[in-house]
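A.B. asks: For reference, the chains in residue letters:
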Amino acid sequence: MGDLGQAGSAAIQLILGADVRLWSIVALSLKVSLAATVIAAAIGLPLGALVALKDFPGRNLAIVVLNACMGLPPVVVGLVVYLLLSRAGPLGPLGLLFTPGAMIVAQTLLILPIIAAVSRQIVADAWGEYREQLTSLGAGSVQAAATLLYDCRFSLMTAILAGFGRAAAEVGAVLVVGGNIDGVTRVMTTSIALETSKGDLPQALGLGFVLMAIVLAVNAAALALRNAAARQGA
Amino acid sequence: MGLMRVIVALMLLALPAAAQEKFITLASTTSTEQSGLFGHLLPLFTEKTGIQVRVVALGTGQALAVGQRGDADALLVHDPDAEKAFVAAGHGIEHRQVMYNDFVVIGPAADPAGIAGIKDVGEALKRIAAKEAPFVSRGDNSGTHAAEKRLWRQAGLQPWADKKPWYRETGSGMGPALNTASGMDAYIMSDRGTWLAFKNRASLKILSEGDVKLFNQYGVMLTNPQRHPHVKRDFGMAFVSWITSAEGQQAIASYRIEGESLFFPNAKREGS
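Protein chains in written order, with this note's numbering: chain L, 1 to 234; chain U, 1001 to 1272.
Simulated from the structure, these hints should not be mistaken for lab results.
Just so you know, not all the hints are guaranteed correct.
To be verified - Computed far set for chain L versus chain U, every beta-carbon distance over 10 Å:
| # | residue |
| --- | --- |
| 1 | Arg87 |
| 2 | Leu134 |
| 3 | Asp151 |
| 4 | Ser197 |
Said to hold, decoys possible - In the SDA-like style, the derived pairs of lysine to any residue whose C-alpha atoms are separated by at most 20 Å in a straight line are:
| # | chain 1 | residue 1 | chain 2 | residue 2 |
| --- | --- | --- | --- | --- |
| 5 | U | Lys1199 | L | Asp200 |
| 6 | U | Lys1199 | L | Leu79 |
| 7 | U | Lys1199 | L | Gly58 |
| 8 | U | Lys1205 | L | Leu205 |
| 9 | U | Lys1199 | L | Asn67 |
Being a predicted model, the structure only gives us computed values, none of them experimental.
Even for Gly, the Cβ is constructed at its ideal location relative to N, Cα and C.
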């Protein structure tokens, strides 16, 4: 209890103190993870829908691989992106390594399979239900995919939030490609890892509480948005 | 197409606002970052030169690997043998001594191996091995790990090779390894700086210190710009020159925690 209490008061002090450094770290965390979520959703939703609707050779294998990639270890994704972006690697000349851009790339790769795999399942279920209707209306598969993605938008929100949660919570990938540089690539999770390294466990856990509060706020905002949209639709 | 444009715009948005800022990337060690030295030192350098230093704190082995790939402009590390090999292989230039601190052997206050006050680190390690008392090793190919293995070898022991169950390699940085040691009341070797700045000590304390073998030398160098043309040679050189100048050396000496100096400058002045 003593340790948790200390962590709780550290969290409250962090928030009440409204420390500029803390808020810039929070802002970077949100910026990186939200950007990765938007990019991963922009690619993952259509990808999931197409895998759900299109029949192609090796489709079952693709589904298995997609589902398995939901369990990609962040540090492995980080290493792959590191080797790609390293000056000695193929994308080295971009100079992206140890920048927030590199962190967005890594998190995008990490959560793309989650968003694509979950949306594939959601769209496949809806396709089973509406297939006859849509084909009788003469919809091509791209049209059908677009229609189903729109119809399932509320369920798909959960897929996107799962992706965002994973991005905001992971430390392995951003640590490797970002380098946890103070003021440049330090985000909430790498700060927590750093404070743990320093043995300042209450401060580390306090930061953890702040991170959880932020993720909670993002999810609450998503739910509010969804409810507002549902009311308008009704 | 539109989607690509959105993606590129998002990536640009996330890039640091002022991309033309003057900065260098410095690959360094966890001990310099986690002890708070850089927090004290680097603002002074930035104030003087306008050059920001972006520190990526890694183990010495990994820091050298990052330098070898050209992903850092300068390196500040502590494994003199590995540094010499790095320069000899043409990966680094302008290698200079900067400062030293020392390693200390830390253990539980109960001290089951009875090493308290023993100055001879070889003797202390032998007693830990004889008692088979738990010992936490970094096990991460860092400068501290290399130094620790050297000391064991000098004492005629290689507990990692013999797979001794009491010798526990954590494969982690100094801080996490200290957390592990404090959790299991184990012995551990740490650099003094990280130890002084470390907060989760539990029952751990310094038991053996002061042997000349525990000397821990830090060196600085530039990544070879001939191998990696994008390396910021001038900014990097400004850093190397400053940290080995009278002013930089004074700044290192003035960093203290609880009245104790953490690092002792010993750059060789040019012409002296």
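A.B. asks: Check the structure against each numbered hint from earlier and tell me which ones fail, lowest number first.
C.D. replies: 1, 4, 6, 7, 8 and 9
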